[in-house]
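Chemist: Here the protein sequences come in this chain order: A and X. Okay, so the first sequence: first residue is 1 according to the working numbering, each after it adds one. Okay, so the second sequence: first residue is 1 according to the working numbering, each after it adds one.
By construction, these hints were calculated from the structure, which means they are not laboratory data. Note that beta-carbon positions come from the ideal geometry of N, C-alpha and C, so glycine has one too. Take the hints with a grain of salt, since some may be wrong.
Unchecked claim - In silico DSSO-like cross-links for lysine-lysine, where the CA-CA straight-line distance does not exceed 27 Å:
{"#": "1", "chain 1": "A", "residue 1": "Lys1", "chain 2": "X", "residue 2": "Lys14"}
{"#": "2", "chain 1": "A", "residue 1": "Lys68", "chain 2": "A", "residue 2": "Lys1"}
{"#": "3", "chain 1": "X", "residue 1": "Lys9", "chain 2": "A", "residue 2": "Lys42"}
Unchecked claim - Among the chain A residues that face chain X by a calculated CB cut under 7 Å, a handful are:
{"#": "4", "residue": "Gly43"}
{"#": "5", "residue": "Leu44"}
{"#": "6", "residue": "Ser46"}
{"#": "7", "residue": "Leu49"}
{"#": "8", "residue": "Gln81"}
{"#": "9", "residue": "Gly97"}
{"#": "10", "residue": "Gly99"}
{"#": "11", "residue": "Gln101"}
{"#": "12", "residue": "Phe104"}
{"#": "13", "residue": "Gly105"}
{"#": "14", "residue": "Thr106"}
Said to hold, decoys possible - Derived list of chain X stretches under chain A, where covered just means 3 residues or more per stretch with a C-beta under 8 Å from a C-beta of chain A:
{"#": "15", "region": "37-47"}
{"#": "16", "region": "57-70"}
{"#": "17", "region": "100-111"}
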Amino acid sequence: KQEVTQIPAALSVPEGENLVLNCSFTDSAIYNLQWFRQDPGKGLTSLLLIQSSQREQTSGRLNASLDKSSGRSTLYIAASQPGDSATYLCAVGVISGTGNQFYFGTGTSLTVIP
Amino acid sequence: NAGVTQTPKFQVLKTGQSMTLQCAQDMNHEYMSWYRQDPGMGLRLIHYSVGAGITDQGEVPNGYNVSRSTTEDFPLRLLSAAPSQTSVYFCASSRSGANVLTFGAGSRLTVL
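This is chain X alone, in the form it adopts within the complex (with noise of 0.2 Å):
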């Protein structure tokens, strides 16, 4: 049972490329979402979905897409990067919203 895998685990970018990380899980989870991890700020929501297709912004959504066509997949789209977008980004899934998150092993981007 992989659980909630992200891809890729680290990426480069230069400021205004396009990317896409990569989130799958395989528990049959409802609740998909997105965050953010930085120094000193804690983890942020960035987008979420209750369902496939359904998806809801969370605290800090600008700057980033997301779509939900299965129920197994969640991608998050950077559509043009900017420095500040330097991050470690974390998927998780639940059942349903109320319950226990699982979380992803998270992807290091820096934008240069």
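Just chain A, same shape as in the assembly (with noise of 0.2 Å):
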């Protein structure tokens, strides 16, 4: 079964730091991570899809990286801002049954101080 990690589990960063999530699988045969972002009592945003033949993708200030051989991803965040404040999850996708699991950590908590 596929076990996902991230950590740290919650991270406190002042205005402006570029910071790094990660997250780690044990299972490298994956078709697909995801890093969402949950606002509290809310639902999940998708925020990038990297597929397994992909190293990296990126969006504005975002940018995350997969190396599947050793099992991790990393979420990039440039010039952090209090609005980034938010829990975000990795999940990971797999081929199982009549289509894709997806398994996900449990996810960081990030706050930003303005």
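Put the two chains together into one complex, using the hints given.
Modeler: Below you can see the structure in the form of structure tokens.
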């Protein structure tokens, strides 16, 4: 069974700092990896999707990388802002049964201090 | 464009009662799925479907039933609610299992 770990569980940084969130997974036979943002009491919003054949994806101030062989992905946030405060989750997609299953980490709670 | 709509947003049940959580999407997505989110456990897949008439079990399917009679709807049924099913439930859909997941706002269920 795929195990997905996100460290640290919580992170607090001053506004403007660049930061890296980590995601590790135990089985490298993945189909894709997605990063999500979740605000308190809300659903998840997709940030970036990396297919297994890709090494990285970028969207604005966000850059996600994938190293399948080492079972790791990172989410880089440049020039952090208070509006970036949220919980960030990664999800690993694997082929199973009739389709894909996604295994989620428990998330990193980010606080950006003005 | 409504995206993924979940109802109800909140529900309180007594042990042994049954209920259905509704999920509807208007994006013509083939793939739909149900997750539960518990503190310290992350999101865990309950059931998923790759198209009308096709469903499959996820990581934690016991105590839950699903069906997919149309592309748009994917209801989750609790036949006999237990306190262990107290959780926040999310429905998510995508064009296929390999694409970006779009989540609903969630349904908070409490079983007394």
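Chemist: Each hint needs a verdict: does it hold in this structure or not?
Modeler: To see whether the hints hold, each was checked on the structure:
Of the supplied pair hints, the one linking Lys1/A and Lys14/X is violated, its CA atoms being roughly 33 Å apart against a limit of 27 Å. Using a Cα cut-off of 27 Å, the hinted pair Lys68/A and Lys1/A holds, with the two alpha carbons roughly 16 Å apart. A threshold of 27 Å between alpha carbons decides the hint, and for Lys9/X with Lys42/A the separation of about 11 Å falls inside it, so the pair holds. The criterion of a C-beta within 7 Å of any C-beta in chain X is met by Gly43/A, whose closest approach is roughly 4 Å, and the hint holds.
Using the Cβ-Cβ criterion of 7 Å, the hint placing Leu44/A at the interface with chain X is satisfied: the shortest such distance is roughly 4 Å. Because the closest C-beta pair between Ser46/A and chain X is about 5 Å apart, less than 7 Å, the hint holds. The beta carbon of Leu49/A comes within 5 Å of a beta carbon in chain X, closer than 7 Å, and the hint placing it at the interface holds. The interface hint given for Gln81/A is broken, as the beta carbon of that residue sits about 23 Å from the closest beta carbon of chain X, more than 7 Å.
For Gly97/A, the interface hint holds, since its Cβ comes within 7 Å of a Cβ in chain X; the closest pair sits about 4 Å apart. With 7 Å as the threshold, the beta carbon of Gly99/A comes within range of chain X, its nearest partner Cβ sitting at about 4 Å, so the hint holds. The beta carbon of Gln101/A is positioned within 7 Å of a beta carbon in chain X (closest approach about 6 Å), and the interface hint is therefore held. Proximity of Phe104/A to chain X holds as hinted, the smallest CB-CB distance being about 4 Å (cut-off 7 Å).
Interface restraint check for Gly105/A: the shortest CB-CB distance to chain X comes to about 6 Å, inside 7 Å, so the restraint holds. Interface restraint check for Thr106/A: the shortest CB-CB distance to chain X comes to about 4 Å, inside 7 Å, so the restraint holds. Check result for the region 37-47 of chain X against chain A: holds, 6 residues qualifying (beta carbon to beta carbon below 8 Å, three or more required). Only when three residues or more bring their CB closer than 8 Å to a CB of chain A does the claim for the region 57-70 of chain X stand; here the count is 3, and the claim holds.
Against chain A, the region 100-111 of chain X contributes 7 residues with a C-beta closer than 8 Å to a partner C-beta. That satisfies the three-residue criterion, and the hint holds.
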